[in-house]
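Residue numbers (our numbering), protein chains in the order written: chain L, 1 to 349; chain X, 350 to 674; chain R, 675 to 1188.
The set of hints was computed from the structure by calculation and includes no laboratory data.
One or more hints might be untrue.
With a straight-line Cα cutoff of 35 Å, these simulated DSBU-like cross-link-like pairs (lysine-lysine) come out [claimed, not checked]:
1. R:Lys875 to R:Lys723
2. R:Lys875 to R:Lys754
3. R:Lys754 to X:Lys613
4. R:Lys723 to R:Lys796
5. R:Lys853 to R:Lys1016
6. R:Lys723 to R:Lys701
7. X:Lys613 to R:Lys893
8. R:Lys730 to R:Lys992
9. R:Lys992 to R:Lys979
10. X:Lys613 to R:Lys796
11. R:Lys816 to X:Lys613
12. R:Lys1007 to R:Lys932
13. R:Lys853 to R:Lys754
14. R:Lys1007 to X:Lys613
15. X:Lys613 to R:Lys723
16. R:Lys1064 to R:Lys979
17. R:Lys1016 to X:Lys613
Label pairs and their computed distance ranges (CB to CB) [to be verified]:
18. R:Leu795 to X:Ser469: 37 to 45 Å
19. X:Phe525 to L:Ile52: 42 to 50 Å
20. R:Gly1154 to X:Ser469: 50 to 58 Å
Listed next, the stretches of chain X that the computed footprint assigns to chain L, with coverage defined by at least 3 CB atoms under 8 Å from CB atoms of chain L [to be verified]:
21. 431–445
22. 465–474
23. 477–487
24. 584–597
25. 611–625
A quick note: this is a predicted structure, and the numbers were derived from the prediction, not measured.
Even for Gly, the Cβ is constructed at its ideal location relative to N, Cα and C.
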Amino acid sequence: MNNSLEATTNEVDASSYGEKEKLGSRLSMRIFLTNEFGLLALIVVFVIIFTILQPGFISKYSLFALGRTAAVNIIIGFSMMVVIITGGLNLAVGSIGVCAAMFSGWLMQSIGVPWPIALLGGLAMGAGLGALDGIVIVRSGLHSFIITLASMSIFFGIMIFLTHAGSYREIAPEVIAPGRMRLFGYVSPLLLITFVVAGLLSILFRYTATGRQMLAAGASPETAELSGVRVNRMTILCHALSGVLAGIAGLMLVSRTGAAIPSMAGQLGQDWLLPAFLGPVLGGTLLTGGRASVLGTLLGALLVTTLTTGLLLLQIGAFWLQTYLGLLLLVAVLMDRVRRSYLARKKLV
Amino acid sequence: MNAQFGNYRESDWFGPLLITIGAIIIVGWMKPSFLSSFNIQILLLAISVNALIAFSQMMIIAIGQMNLSVGAIGGMAAIAFAGMMEVWHIHWTLAAFLALCIGLVAGITNGILVAWTGISAFVITLATLSVYKGINLGITEAQPFYNIPDTVKSLGNDTFFGPLPWMILPTIVVAFGLWYLLRRLPLGRFILAVGGNSHAAELSGISVTRTVIAAHAISGLLAALAGVMLVGRLQLGQPSIGDDWLILSFAAPVIGGAVLTGGKVSVASTLLGVVIVVIINQVLVLFNIDPYLVQVVLGALILWAVGMNRWREVRTGKNEQRVSA
Amino acid sequence: MSEFVFEAKGLCKSFPGVMALQDVNMKLSAGSIHALLGENGAGKSTLIKIVTGIHKHDAGDVFVDGAQLELHGPRDAISKGIGVVHQERNLIPRFSISENMFLEQLSSHPLRSIDFEILHLKARYWLDMLELDSDPKTPVQKLSVAKMQLVEIAKALSLNSHILFLDEPTASLTPHETKNLFSILRRLRDDGVCMIFVSHKLEEVQEICDQVTVLRDGKNACESRSMLGLDRQDIVRLMIGRSEQIPIWEARDRTNTKPVLELNKASTSIGHRDVNLTVHKGEIVGLYGLVGAGRTELAKSILGKYLVVSGEVLVNGKVATINSVADAVGKYKIGYVSEDRKSEGLVLMHSILENVGMTVWQRLSKGVAFLTNRAIRSQTVPFINKLEVKSPSLEQHVGNLSGGNQQKVSVAKWLAAGVNILIIDEPSVGIDIKTKAYLHELIRELSDEGTAILLITSDMPEMITLADRIVVMNDYLVMGELPNTRDYTEMSEGIMQLIHDAEETAESFVQVTS
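Based on the provided sequences and hints, a complete structural model is requested.
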């Protein structure tokens, strides 16, 4: 019984805020209290609402586009999530993502490297930049906020300087294809890639020592260190992983747009910050670290994408979109706070 | 009196002052036009606005938090200012006043959300940043407001005495006011107390909630002032005002020795930090260095400054006892 | 006009599921130093929180200077003359002494300028009273911990506290500073202040207190009685309901087995000099010393958290290169049960399984691709069961367990790791008697099975119960070593002598230089 619940929710902390203690008859009740179920319910509700208001919402193309956009947002969310686990922040996700994408583009266009190598190069760049952040954070003992605030501008600035703010448009067709293809009319291959990544992350945090150590190191670095966990190494790994994921997101965008453009994530990459936080926060990842919910982040990002797509389709002020998302983040953190204190109080009684 | 200044080397403004003087001398020697009256005017105009941006963030660093929405509030106030004048034909003084009120309200909102919910200021201001920016875009639909009254344009660019522009006056008043606030007024001391050790502050009867809200209110007000002044300087109401304020808002206070955990900020050093940043900016332009490298330099400056502050804290910490918070 | 400055009558307070205080009485007189004693969980901190206005009592009455009143919060308590000096320092680091002292009275209006000169003068008055010669303009972070504490006392006095709670005031003080503090407390007592001295250090309580209230299980075990005629055994009996029992394990000598851990003239980066220490297989070596002696720091140096800069560390006879804790744990099988289990021994937000498994993940994942919960359980559950951790499920968050169970989890983690050398730091702090006895049995059993144990404890009876040999440390140096005869009087005198000699040397040094 315990196993099936764990398999369904795919959660990595093996106890949803203590709910899974009681097995048996209370089990089905507990599912409904989980964050993930709530998100799923909200997604369904909004899909229904949007469809009623605009039947074109569930047209094949619409769902395809939604899935494709969600794919990137989810990965961006994962990228931030793995750093939040350490109790820190990575403001440089957009910056690193763009650098990885531009590096890939440069390899393909200026060097003429075959596309698989170029893609790997992009990922390596993401990993390298992330690892660099991690090393500086560990060595200096400074908070990741200020380090990644600085690195976001350093990475972006150097990239712009090297590329003279130019774009790379000669992208190999094999790379562009996944961004354009439609499987069964509904599904984008990018979404499939996202699911695979989600699966790999779940395995990491659940079935590998490294993943578990990352969570322990993030929850209580002192305890983890005194228990033999190499906390510094875990921090660096988390940042490197964040960089790789940012790179994946960047490459997905290249695939979708057919070009590597420096402004794809906004000035200094700051456009990615909001989606990067929305996914994990909605998904129940604690900003204090030590917990991760891969499924939650996925559903959270999916919910946000559903909302934005729906609002755009209903032509409710494209310019007001950012406002709605900001309000959504506010509501999400408030609701989460309320939910947590409710659960905490229930446990005491 | 001497005891209050303490050791010169230990004080925050000594290092930045040396660097500033050094930079001015070196650059002035290499490119004499740097010290021309016209150029000084340009520098002072930039300093006037940037200082307010830096002060806005500084007040929040003082309570140990961060305000990501500084740029968004500034942008919103700028658009409100320009829009009210162009669309509603309100006189610029009233429009400016209302824009400042908007900034104040935005700041108070931030403060209330942070203080009442206990959620980290980072997340709250990330959310409000999006809301305010969204409002900005929603109102302007990405189109600037062009109709700025001549008086405003003049105040935003002209001088009143030698190379001193009008714009420097509000900044000087604000700088002095903040210095006095943080040094001698209870509210300022409460802000620093909450940043230094909020638990101890609470036990001593300080209302942490009210102090946090006050700090955010001041921050919003200053950001709004920066936005309004920038409209005069740029001579139009650009929706993109505020987009690039984030890094600068942290760089200057940090160069000035501010400690991000709270309780230690310096008005004078932050001001010097702004001067340093502005000079560097100019230098890059003067020497035809790619303007994009500005970002790199700012980022590197932040790293260096934070590293230095940390090193200093650790070094003095070895000689003294730790205070557990 | 009551003769008592403070009276609590029939106080009751309960929290969900727990009756913290039941019908508790306490009478405080002016000009006395009143001890408030009790084991952890006896209700001491609840009583203090009620009296200082943090909690509201459910039933009973509180009288201050004869007048019955309700306290509406900490500020209200202060206004009625009740002050607290907490265990942790509550000062603003960068503010001056004067500003810290008068923080709440800086000015009548938030926007009226502060006159610092007057503040400094006012502070000077109170500092002189406490014979603290620091300049009131000094930023508090530049002071020693002892002086900071005096500043807090000065602050409480300046707020007209005539009832002053002192919570574990000597926890971070050297013996010299403690002596200084006591003389100040005595003077305050003579001036009519009533102080409530909350401490676990019974020797100090006997030295300075004239009255005592003991709580046990939420009720009065004794109520505001005079200290005259009470000796240590009497106090302990009141606190735990029976005399301290020194279990009857006989003295044993394990020095003929092979040495598992050796430190030869080891000096560390944090100040230890020429430490010689040996722990043999199956031996329990006790490390005794006062606060600040450097025992925990030595343990952490062995563990690799701090560097050993000269001399050598030998494990099983071979030189050990320990550059990080991961080396010590993984390569040399050294474990450390921390004294601060909440922040160093456990991950409170994680489950029991996740906590105990922390030391086995690395080992289990070698070769095999997937690290399953089942594999982890197989390596950890036997030890969780052995320690009899009481919990409805393994997924329970450790933060929700009782202190005793938490400690069991932190020990189980190391048993699961299969360590050969186990350093145990203050195992019984905040633990109920039953679990404490259980842990003692366990430690004895572990050593019988061959584990080499280094035991750090400030609890003398515990030390004499368990240790085969006792090493005494003071000021980051090893002072001497005694084989444990299990005779309490003989051993405690021997240990005290070693420390006393060290203190005398230190004091004469201080006298020469001051």
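**Asked** What are the numbers of the hints the structure violates, in ascending order?
**Response** 7, 8, 14, 19, 21, 25
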